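> Single-letter residue listing:
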Amino acid sequence: MRLADEFFLLALDDRSGRSMLSPRVLGLGLAGGLLAELVLDRKITVHEDQIIVGDRQPPADPLSQRVLGYLVNELTAYDVRTWLVYLAQEAREQVAGRLRRAGRVRQEQVRRLWRTEVVYPPTDLNAAALPRARLVHALNRRLPMQWPEVTLAGLTVATGLDSHLLYTADDAAKEYLRHLITHLPSSVHALVWHVHAAVGDAVITGRT
Amino acid sequence: MSSSPATGAAPARPGSVSTALAADRLGVPAVVFFVMSAATPLTVVAGVITLAFAITGLLALPLAFLLIGALLALFGVGYVAMSRHIANAGAFYAYISQGIGRPVGVGAAWVALLAYNLLQVGLYGVIGAAAAPLLELWLGLSLPWWVIALVAWLIVGILGLQQVDINGRVLAVLLCAEVAVILVFSLASLANPADGAVSFATLDPSGLFAAGIGALLALGVLGFVGFEAATVFSEETKHPRRTVPIAMYTAIGIIALVYALASWAMSVAVGPDEIATVAGEEEVDLIFNLAASHLGGVFADIGYGLFLTSLLAAMIAFHNITARYAFALGRERVLPAVFGRTSARSGSPKVGSLVQSAIGVAVILGYAIAGWDPLVQLFFWGGTSGGLGVLTLITLTAVAVLWFFFRDARGENLWRRAVAPVLALLGLLVVLGLALAHFDVLLGVPADHPLRWGVPTGYLVVALLGIGWGMLLRRTRPQVYAGIGLGARAVTSGVTISAPRTGSAAASGAAPAGEATGVRDEAEAERQEVRQ
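Chains A and B are the protein sequences, given in the same order.
If you read the first sequence in the working numbering, its first letter stands for residue 1, the second for the next number, and so on.
If you read the second sequence in the working numbering, its first letter stands for residue 1, the second for the next number, and so on.
Extracted from the complex, chain B is given alone in its bound form:
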């Protein structure tokens, strides 16, 4: 836009609109950082990887990350291609609504709300373990985990209402620091192998055929959750056709390599034979203890500090994801319209945010009162159950992509619309099947534990209820039904504003003054009615 003062006719140069808009649009780094803000590497490395070794007792974790990374990249081909053709492109259920069908889309939306809530709430279980060493060091305080969790909950709740996504630059610095710390810790681990020799046992492909491998593959998926958000910006990037895919593949590549390296290095430093036992004893402290012995206590403290910020960033990211999901569904009227309201001052999806916070505090207090283990039973179970939900959504989305382009190619080439989606879908079905088959290994419970089938059944029930609700909407509220999956652009979008009427606009011309008498009459008539 020209910077001259607003006087007189300002001739706009041709192309000045696109130039001005481009200045406000996001480039690859911004999208990568946003995507990785939910992935938060140190949370996964310190929390998920150590507990994965401890609970599953399996070794092939580094390979699982590489394999899942490759599979998700393949899935991403069709996913990004479809994102260019649909509204509300940041949410799986939008793809599923517009690819498979609206009732399934509603089911998927409800599954997504449950899964992302599990992921978010699970994080409250680990923050205590992350903060305890620092509180001890700085203040000599030792607090119960749930006190720390409640403080974190308060911070997340307030920032969520303020619509504070942590400032992009702060996030970028934190993320780079996290990745740097992981690299330094990992290299130090590789330089200090147990028994004096670097072991490649965890990289042995035969590990992928171990019993219970589905558990590791599901954990692999958990590490990548957040990558799907790249497409939310398809309309806000400088070159949507390039920026979004490049950012997504970059994020997937970084995540795969960093996690594979970190999990391999951890097994090298502890020794593949010992890793399950040691990880079980030291839990999330493992990598910091390793760092302390290899590099010195200062490094461990820096690591703890970043672990804490990483967790907070992840909590805020998942809080915002769930709140915005609820907002989009409120705008569609699939959830009550009140979810579609924003806070005027901050532009936050306030009702979704408040409800997510309410769920969070209920879970924290519930676990505190029941005395359940926050690390395994909240963080790990919440995370893995959430991961299973996201894996299910990814698989359904793969079906949706295929079906969407089968009906209409929309100018996409064969690789993007058919070959890559078919291969991705086959791979995802295998991973999902194995994850379900080995879900007891994933949770680290006996095969007859109620959660073993309880979690998958829970998702199924929620999905079926959603599908039922979708079908009910088709019969009772066709207008709402038509808008499912369209987010803010749903036909019934909003509390009082329906979609523009088509047809007479151009013909009638702009004659508002003339038409105004019409509303006067109606208003007058209504006033009469009110008086009577």
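So that you can see chain A by itself, here it is in the shape it has in the complex:
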């Protein structure tokens, strides 16, 4: 499963199909996930606040291909923050689309008071809970983790989702997570940091 998909499932309230994060924060987390996928595919690097495209060969995944297309075809050199905000706008629909095509979530319309809302309940509750279980297990047991998993964990911290996921974790597990994030390779580390700062600014301006 791709990184943004896992983040989507981590943030998903299984029963309602809604997100546990507010819309803008979820968008920023998913946008970070989409860019992290490209970093992990070795298509781009992040240097301070700039994204550098290193390999223009389209990746196998269509959504990644699309995101890389944005980066390659845009003439203006936008900074990481701008790309995050841009990708965040439709990240929920796009990542949910990828999960739907993989048969992991369904799309439903629910009426809530005076408006309808699109929710994405998982098709298989157990499968949807797996990323969460794996992450919590690894942190609690302090198991070795791969960079994608650490990046994922970093995004949960950046978006504040960790307070939901890790409320049972002990201090040592949190310290372990801190340690792992500190040692992330610089590109994904920078991405996680930018997501965190963008979320913070969204809170400060009250636009979450």
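A hint or two may mislead.
[As the list claims (entries may be wrong)] Chain A side only, calculated, beta carbon under 7 Å to chain B, not exhaustive:
hint, residue
1, Leu-21
2, Tyr-86
3, Asp-201
4, Thr-208
[What the hints assert, rightly or not] Simulated restraints on C-beta separations:
hint, chain 1, residue 1, chain 2, residue 2, range
5, A, Glu-117, B, Ala-201, 56 to 64 Å
6, B, Ala-362, A, His-183, 39 to 47 Å
7, B, Gly-140, A, Arg-115, 32 to 40 Å
8, A, Thr-116, B, Gly-297, 41 to 49 Å
Hints are computed from structural coordinates only; laboratory data are not their basis.
Quantities reported herein were computed from a predicted structural model and do not represent experimental measurements.
We treat Cβ as the ideally placed atom computed from N, Cα and C, and that holds for glycine.
Could you slot chain B onto chain A? The hints should help.
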């Protein structure tokens, strides 16, 4: 963004990013409404203006609003210019940290927390008076003020945790209705002058030289509090260079004219000689009583209804301002990091919100138990003391703007970086000096009352403690010190995430899979340690 489904390579049109982002950005009206949501005109007109007439006994209030409006517009020139060059541009202490110095910035941040809390908590003192007539009318109920205040507190606390800024459209409608009601009431007052002739006594410039004028100038500033928030959106507006200044000047202009008109009209309807006495007797009911006699009881009831919503909006606005201030400081680690955490579901600064609510309930209960007067001793004193704090912050920010551009012009022209800031600073220093000199008049207490110097001294102590804390951080935690004033972008931002390391990123390339073994080893080593 293109609306085609996410399949295949989607060529982005050049400029499509800026187009897509612009769609989500704020225009002038949105920022104006946001700014005025904290200014809440009817709260000021019904509450502050009437009590100002009653307590200071001075007449030149309309002129004070116009004068302060002009001064703040002048201040706004440099303020907006600097906002384009700094992070966390919505908060005075960010300007002060980055303009004057970080320790002073911490002092300013603490002063701001105190001042905005005073403004917020003060509002609980007036909500009882605003709601009582409606409760009487609809339910035949007569409740003590603190019961109503606690209900309001509960609403504010819950909405604050949900990060509910009242929906922009609802707010816009309410604000327009408030301004319309103020205009209608004022015109009716002007059409029904006391003694049959419209008096221009409150517009006489000689009133500005009356003893105690500093009190009126400070009240003038209180009416504008909230204008500073316009710059919080410098990165979220369609055309930051135009949207933010236009929105700010528009808000300042509307506020100045509406308050000047309303306070003049009130003096005309009651008569300049009587206004202090009548305002003292009728307090916040004054303008509604005037409306009832000029226009009929229905108008007065509509006015009360809007007064109530106006107060709630102001409470929520100031609650959110303090909570977000605390959040930004938590992110910088100037306050404990826990303040920098958000509630996942709502994205609210939950700890800051809870602490503000705790302060609110403590004050309401304290006043209720002590039996202090909610209107004068809570609302008016809280408001004016908060206003003095904000005035101090504005003045310090004016110094910061000047110093910031003195060191580096950053492409701003002479007017924006020097002339306007110097003139604004001189004006602000005069206003601040007068406000301090006449603070007893402002509170309506004798010159030897403990609060007369207690409030200014309180601010000074808080500021000095903040400065001391800032200097301590410089020595003990240089990383935290470096991030002061940067808000969410502070170097130490966050609980576990430090700033990106610079240097090797581009050179090392993206080789996470290869590097992953490194962390395996470290993790393994750590696991060993844990077992031992």
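> Does each hint fit the structure? Answer for all of them.
The hints, checked one at a time:
no., hint, in the structure
1, Leu-21, "holds, 6 Å"
2, Tyr-86, "holds, 5 Å"
3, Asp-201, "holds, 5 Å"
4, Thr-208, "holds, 3 Å"
5, A:Glu-117 <-> B:Ala-201: 56 to 64 Å, "holds, 58 Å"
6, B:Ala-362 <-> A:His-183: 39 to 47 Å, "holds, 44 Å"
7, B:Gly-140 <-> A:Arg-115: 32 to 40 Å, "holds, 37 Å"
8, A:Thr-116 <-> B:Gly-297: 41 to 49 Å, "holds, 42 Å"
No hint from the list above goes unmet by this structure.
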